[in-house]
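Protein chains: 2
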Amino acid sequence: METAMRLSRFFMPILKENPKEAEIVSHRLMLRAGMIRQQSQGIYSWLPLGKRVLDKVCAIVREEQDRAGANEILMPTLQSAELWQESGRYEAYGKEMLRIADRQDRPMLYGPTNEEMVTDIFRSSVKSYKDLPLNLYHIQWKFRDEIRPRFGTMRSREFLMKDAYSFDLTKEDAIHAYNRMFTAYLRTFDRLGLRAIPMRADTGPIGGNHSHEFIILADTGESEVFCHKDFTEFDIPAEDTDFDDVKGLEAIFDKWTSLYAATSEMHDEAAFDAIPEGDRLSARGIEVGHIFYFGTKYSEPMGAKVQGPDGKEHFVHSGSYGIGPSRLVPAIIEASHDDNGIIWPDSIAPFNVVVINMKSGDASCDGACEKLYGDLQKAGVDVLYDDTDDRAGTKFATADLIGVPTQVVVGPRSIANGEVEVKNRRTGERETMTVEAALNRLTA
Amino acid sequence: METAMRLSRFFMPILKENPKEAEIVSHRLMLRAGMIRQQSQGIYSWLPLGKRVLDKVCAIVREEQDRAGANEILMPTLQSAELWQESGRYEAYGKEMLRIADRQDRPMLYGPTNEEMVTDIFRSSVKSYKDLPLNLYHIQWKFRDEIRPRFGTMRSREFLMKDAYSFDLTKEDAIHAYNRMFTAYLRTFDRLGLRAIPMRADTGPIGGNHSHEFIILADTGESEVFCHKDFTEFDIPAEDTDFDDVKGLEAIFDKWTSLYAATSEMHDEAAFDAIPEGDRLSARGIEVGHIFYFGTKYSEPMGAKVQGPDGKEHFVHSGSYGIGPSRLVPAIIEASHDDNGIIWPDSIAPFNVVVINMKSGDASCDGACEKLYGDLQKAGVDVLYDDTDDRAGTKFATADLIGVPTQVVVGPRSIANGEVEVKNRRTGERETMTVEAALNRLTA
Chain A
3 METAMRLSRF FMPILKENPK EAEIVSHRLM LRAGMIRQQS QGIYSWLPLG KRVLDKVCAI
63 VREEQDRAGA NEILMPTLQS AELWQESGRY EAYGKEMLRI ADRQDRPMLY GPTNEEMVTD
123 IFRSSVKSYK DLPLNLYHIQ WKFRDEIRPR FGTMRSREFL MKDAYSFDLT KEDAIHAYNR
183 MFTAYLRTFD RLGLRAIPMR ADTGPIGGNH SHEFIILADT GESEVFCHKD FTEFDIPAED
243 TDFDDVKGLE AIFDKWTSLY AATSEMHDEA AFDAIPEGDR LSARGIEVGH IFYFGTKYSE
303 PMGAKVQGPD GKEHFVHSGS YGIGPSRLVP AIIEASHDDN GIIWPDSIAP FNVVVINMKS
363 GDASCDGACE KLYGDLQKAG VDVLYDDTDD RAGTKFATAD LIGVPTQVVV GPRSIANGEV
423 EVKNRRTGER ETMTVEAALN RLTA
Chain B
3 METAMRLSRF FMPILKENPK EAEIVSHRLM LRAGMIRQQS QGIYSWLPLG KRVLDKVCAI
63 VREEQDRAGA NEILMPTLQS AELWQESGRY EAYGKEMLRI ADRQDRPMLY GPTNEEMVTD
123 IFRSSVKSYK DLPLNLYHIQ WKFRDEIRPR FGTMRSREFL MKDAYSFDLT KEDAIHAYNR
183 MFTAYLRTFD RLGLRAIPMR ADTGPIGGNH SHEFIILADT GESEVFCHKD FTEFDIPAED
243 TDFDDVKGLE AIFDKWTSLY AATSEMHDEA AFDAIPEGDR LSARGIEVGH IFYFGTKYSE
303 PMGAKVQGPD GKEHFVHSGS YGIGPSRLVP AIIEASHDDN GIIWPDSIAP FNVVVINMKS
363 GDASCDGACE KLYGDLQKAG VDVLYDDTDD RAGTKFATAD LIGVPTQVVV GPRSIANGEV
423 EVKNRRTGER ETMTVEAALN RLTA
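Respectively, the protein sequence lines represent chains A and B.
Converting from the first sequence to our numbering requires adding 2 to each position, the first position being numbered 1.
Converting from the second sequence to our numbering requires adding 2 to each position, the first position being numbered 1.
These aren't lab readings, by the way, just hints derived from the structure by calculation.
Some hints here could point you the wrong way.
If chains are identical, the list can't say which one is meant, so a pair holds when it fits in one copy or spans any two.
To be verified - Capping the alpha-carbon separation at 25 Å, the derived lysine-lysine pairs in DSS-like fashion look like this:
| no. | residue 1 | residue 2 |
| --- | --- | --- |
| 1 | K144 | K97 |
| 2 | K132 | K53 |
| 3 | K53 | K144 |
| 4 | K129 | K22 |
| 5 | K314 | K22 |
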């Protein structure tokens, strides 16, 4: 992605009116800021501003998957029905699966998830326990034909998912693989500026018997959640966490599951009531990740076996691990906005700085802006330069709406003294300083 | 993508046998090197080695699109049939279009291209000539239900395409937009290590009257091509090309179209024969890009208009510009391989260096390899470390097969003198040097 952009050359169709179809604030703001556009029911285009955020979310997800030892692949969106007949899920999946016939009339489907396909890749190429552990993930578009898609990309039909799949010789190894992903998820959400709480979960159509949802707290959440409030202050595993350290990851898992936390489906009122009243947290939440251990549920019907150290063949133990980047974008907005618009965390902001020229055409403003823009660009800062002819008020409103963390305002009066105003979007704080001081601060 | 990888932790299922189904060398080598796996007819998974190359190809394509002023968006894979009824292409497109009905029985399709959808985005948000020029592109999976998919990802049904779409007020402006992409394509293919020659082309189902295919020469090419041999030595436009310079880009276009070049469909025997015999080049080629100017072909039926400086409404003039990254990967292999395997250009090599430990388990070999691997990683070099227990011969064969440009061989005898062997995959040259000298060379 390009580091620096002039707004006059950046396609960002701001809506002046509040779109009526949007029921929740993230959907409203994503439409107003020109981040997305609906193409069909539950199917969206990502416009440049949205695409930048989506890419940054994916980059963080990817880094943490890689850190945890997972290998990135890319499976296709379309799958053959045969694979799903092997696992027995073809009939079971119901109407959410988009079924397709190609020109030869072969039954296919748009993948809603990839357990079957990745198991097929595994069985065709891995024969020995020596090649384990293995975790394969991809970030690819999925389709689930929901009867009532809504809330923009929070609950769309075509959506982007990172799904990882682990393969191990034994259940014990598979639990370690599960803990790797558990730990990676804690780090991922934290880097996205979210506090996610792992909660015991139902396994639904994926199956299995050990599963956690990662839930962030937000008033517009779809599910009711109940947990101990200490979760909001637990430490996040460090960047140098050793993902091969079985005991170490177990300790992280144990700590993060030591207190009560459950969605309404899994809620145990008695256990919740046992928490001291002041420590109870009952709120609404948004699911942002879901991990499953399902043992041999797919390896058995699909014949995914490896030779063990005992010389015998064993069905591999597996799990799957999902995060939806196209859902995370609105989830982050739900967690971080105000009346004026979005407030991006720095890690995923589409731009980290916006230079606002209050009087385009004024030689001193233009000159100062060009210099700031050029210097920030050279320093590798993701910077947007509002070089349009819009009125200053419109420019301020746009900058607030699109949520760029730092605004640098260049006006004719202050620039005459060599000064600019630096505004923090989150706190609203404004400081006047020299151009040089602003540059030093923003490139520090 | 992670910079450094240990082969023991990298999923790269090498095939020992030559896959029988593969008719051309790139398909054979991509299967043998564990880059891809077929999932259904003409539908492939990209395994980690292939994914790394695909990502690097996309990164170069993206950089050159951005440099030329295009804006990246991401449109969905599925489209509503209505849009295509508006343009009149829904019936016309024939059986290559994968038609789908969702659970509400609404007619949809898997996009084979995006002229309609991007025109819809345009008409909904751009109203004035002041917002032009505009070029929107995306890199997204497409589907064309070819009757006979073959040659691996060279001609697959689900394939990755970069498609850009330009919007301008006048034909004159649109021709400048065309020249921007023309120039960007010359740079893109050059950076991918390819010599692509623009040839006048048929416009097929996209339509329009001004179109060029970019063809690389390769013995396995699907089409017969005829051109002046000077094309193989023309200079490529520089990185600092000014894409706003109308005359400058026109000069580039004129130069690159000044000599005869045509595919067999457009071949003019008399014109070709007019070239001095020694300058005639008749060969087989692979199409790696295709650009079209089609004027108001979509804007008129779909009502994509802007207000001009004259206060009146005008249908916009457009073009579309395609490159297939999933096709480029095999095309590059066709152009660059030998009997031992792939020879990647440095710009898109999955790794730029492979450190080969000839005797894993030997303390001095392990120590030297770890140090090399660590230091290369710190220097930001994409490095693969073959730390497996395979025999040295197997490791050499694998390194040659996967085509990493530089091999650093660490053996017990030479490392006793503090030396390693550095092999250039392309030339086969080997040099013995100290570990320090190797590091200096590889991080230079």
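Sort out which numbered hints this structure fails and list those numbers smallest first. 5
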